[in-house]
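For reference, the chains in residue letters:
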Amino acid sequence: MISNTSHAQTLRASAGEPEKAESASSTSPSEIALTNVSKTFALGKGQTLDAVSNVDLNIAGGEFIALIGASGCGKSTLLRMIAGLEDPSQGSITIAGQSPEDCIKRHKLGIAMQEHGLMPWLSAWNNVAMPFRLAGLPIDKKRVDELLALVELADFAQAMPKQLSGGMKQRVSIARALVLKPDVLILDEPFGALDAVTRRLMNNELQRIWSQQPTTTILVTHSVEEAVFLADRICLMSPRPGRLELIEEVELNRPRGLDTMHEPEFRQILAKLTTALDDVCTQGSRQ
Amino acid sequence: MTVAADLLKWLVGISTLMVFWEIAGRQAWLGDGLPPLSGVFDYANEPRSTELLLRSAGITATNASYGFVIGSLIGTLIACSGQIWRPLKQGLDTLSTFVNAIPLIALGPLMIVTVGEQFTPMATAALAVFFAVLVATLGGFERVPNVHRDVTRAYGTTHWRALLLVQFPNALPSLIDGLKLGVSTAVLGAILGEWFGAPAGLGVLIVSSMQNFQINLLWSAAIIGTVMSGAAYFLLALLQARLLRRLGL
Ligand SMILES: Nc1ncnc2c1ncn2[C@@H]1O[C@H](COP(=O)(O)OP(=O)(O)OP(=O)(O)O)[C@@H](O)[C@H]1O
Ligand SMILES: [Mg+2]
Numbered sequence: 009m010i011s012n013t014s015h016a017q018t019l020r021a022s023a024g025e026p027e028k029a030e031s032a033s034s035t036s037p038s039e040i041a042l043t044n045v046s047k048t049f050a051l052g053k054g055q056t057l058d059a060v061s062n063v064d065l066n067i068a069g070g071e072f073i074a075l076i077g078a079s080g081c082g083k084s085t086l087l088r089m090i091a092g093l094e095d096p097s098q099g100s101i102t103i104a105g106q107s108p109e110d111c112i113k114r115h116k117l118g119i120a121m122q123e124h125g126l127m128p129w130l131s132a133w134n135n136v137a138m139p140f141r142l143a144g145l146p147i148d149k150k151r152v153d154e155l156l157a158l159v160e161l162a163d164f165a166q167a168m169p170k171q172l173s174g175g176m177k178q179r180v181s182i183a184r185a186l187v188l189k190p191d192v193l194i195l196d197e198p199f200g201a202l203d204a205v206t207r208r209l210m211n212n213e214l215q216r217i218w219s220q221q222p223t224t225t226i227l228v229t230h231s232v233e234e235a236v237f238l239a240d241r242i243c244l245m246s247p248r249p250g251r252l253e254l255i256e257e258v259e260l261n262r263p264r265g266l267d268t269m270h271e272p273e274f275r276q277i278l279a280k281l282t283t284a285l286d287d288v289c290t291q292g293s294r295q
Numbered sequence: 148m149t150v151a152a153d154l155l156k157w158l159v160g161i162s163t164l165m166v167f168w169e170i171a172g173r174q175a176w177l178g179d180g181l182p183p184l185s186g187v188f189d190y191a192n193e194p195r196s197t198e199l200l201l202r203s204a205g206i207t208a209t210n211a212s213y214g215f216v217i218g219s220l221i222g223t224l225i226a227c228s229g230q231i232w233r234p235l236k237q238g239l240d241t242l243s244t245f246v247n248a249i250p251l252i253a254l255g256p257l258m259i260v261t262v263g264e265q266f267t268p269m270a271t272a273a274l275a276v277f278f279a280v281l282v283a284t285l286g287g288f289e290r291v292p293n294v295h296r297d298v299t300r301a302y303g304t305t306h307w308r309a310l311l312l313v314q315f316p317n318a319l320p321s322l323i324d325g326l327k328l329g330v331s332t333a334v335l336g337a338i339l340g341e342w343f344g345a346p347a348g349l350g351v352l353i354v355s356s357m358q359n360f361q362i363n364l365l366w367s368a369a370i371i372g373t374v375m376s377g378a379a380y381f382l383l384a385l386l387q388a389r390l391l392r393r394l395g396l
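Here the protein sequences line up with chains P and V, keeping their order. Our numbering applies: residue 9 is where the first sequence begins, and numbers increase by one. Our numbering applies: residue 148 is where the second sequence begins, and numbers increase by one.
Everything labelled a hint here was simulated from the structure, so no lab data went into it. Since the structure is predicted, the reported quantities are computational estimates derived from the model, not experimental observations.
Distance condition first, Cα-Cα at most 25 Å in a straight line; then the derived SDA-like pairs of lysine to any residue:
| no. | chain 1 | residue 1 | chain 2 | residue 2 |
| --- | --- | --- | --- | --- |
| 1 | P | LYS53 | V | THR241 |
| 2 | P | LYS189 | P | GLN215 |
| 3 | P | LYS53 | V | GLU289 |
| 4 | P | LYS149 | V | HIS295 |
The following block holds chain P by itself, in its conformation from the complex (with noise of 0.2 Å):
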C-alpha cells in the first residue's frame, strides 16, 4: 500500500498560510487505517448482500481523499463504517490508531451525509451549533458566526430549515461538520443539490478551509471534476461489491483557485478518471 504522508505534507508546506500554525496547535489530524474491510448486510430470509469488500487503504493525516463509483457500489456505507455508525462484518478501521468510536466520543469528527439532516425546529445558526449542544461543550458563538459566514450565510442565521433552499441547507450541514474543528472530516455526496457555479465556489472554498486547518477528510462525489480539485488521492470504487478499483495521485499544486480547472494537468486527469469511472460501471453492467 502506497503510504502518502509525506507528499501530502509537503503539499501542505507549500501552501504556507500563515494561521496555520496557530490552528495546527489546537487539532491534529489523524491518520485512518483501513485493513480487508469488508461489509455484508443481512436482508433477512437468509439473503445477504456484499456492499463493500475487501478494501485496504491508508490515508495520511491530513489528508484528502475522494472517492468515486457508480450509484449503490457501496460509497455511504464504507463511510459510515469510518464515521463508526456501522461495523465492518470483516476487517478493521481505526483513526489515529485507535477505535473510530474513541473518535467520536472525543467529539473529533465531522460528517456531513447525503440528507442534510437539519433539526427542522432549530434556525440555522441554532444548526450548526447543534454538535456544541451535543457533545456537551460551551457554545463558541463567534465560531458559529464565522462558520455560517464562511458558508455565505450570514443573513440567514435565524432562517428556519425550511425557509431555506436545498443548497443552502447542505452548506449550514457543512457548517455544523466543520465547527467543532474536527481531526476527522467526513462529506457524502455534499454539494449534490447545488448548481454548478455554486457547486465550484463551494468547492473553492471548502479547499481554502482545508488548506487552513488541517483535517483528513474523505468526501464521497459523484463530480469527478470535483475529486480532482479538492483530493489529494482518488479511490474509485467498483461496483458492488465495492472494492477500491483504482488509486489515482492527483499531482497538482496547492493552493488550488478556480482557475485550476483550466490547466492541462487538471484536464488530463480529470480526462483519465472519467475514462476509468465509465470503464469500471460498463464492466459491472455487462456482468
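Since the structure of chain P is already known, use the hints to place chain V with the ligands on it.
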C-alpha cells in the same frame, strides 16, 4: 386556521344532529327514552338541576384534569426512560402493541379495591391517558429520521442529551397527538370511574338518574360530558397547531 375549519365542520355536524334529535323526540320514534332536545334543555335550565349538573360536572372535570396531568406525565416519562435505558425499550414496545386491548372497564373494580372510591375516577382517567400518551410517544420515537440518529451519534453524545436535543423534539408532534386523544379519554375515564361508586360526579349522576328513570337528567349529564371532552379536545388541537408552527414542523 385548520383548527377553525375543523370546528366549523363539527358545528355543522352537531347542528344537524340536534335538529334530527328534536324531530325524533317530538315524534317519539324511540319512545320515552329519547325526549325532545328542547325538553332536555328546559329541564337543565331549571335552577335546581343547573346547580346539580354544574356541581357534578365540576367534580368530573377535576377528576379528569388530575387524571390527565398524572397520566400524561407518567406516560411521557416512561416512554422517555426507554430511550435512556435500552433494555426497557423492548418491554415498552411489546406493551404498547397490546395496550389497546386492555379493557378499562375491567380495571375499574380493581381500582376501587386498591385506591378506594374517592380516587378511582382520577385513577381510571389517568390510566386511560397514560395508555394513549405512552403509545403515541413511543410511536414518535420510532419516527426519528435515521439521518438525525446518525448526526446525533457522530458527535459523541450521551443518551440524555440525545433524548432532550433530538429524540424528544422529534417525538413531540406524536406526543401531542396522544395528549389530544388522551384528553377526551380522560373525561370518559373519569365518568367510568365515578360509575363504580365515587361519592359524586357526572358518572354518579348518570347511574342514579338511570336507576330512577330521570330521563331528562340522564341526557343532560351525558351531553355535558360530551361537550366537556369535545371542548378539551379542541383546546389541545389549538395548542398543537400553535406549537407545531412555533417549532417549524
Ligand atoms: N442498512 C442497509 N441494509 C441493507 N442494505 C443496505 C443498507 N445500506 C446500504 N445497503 C445496500 O448496500 C449497497 C451500497 O449502498 P450505499 O448506500 O453504500 O451506496 P452508495 O455507493 O453510497 O450509492 P449512492 O452513490 O447512490 O449514494 C446498496 O446496494 C444498498 O442497497
Ligand atoms: Mg451514498
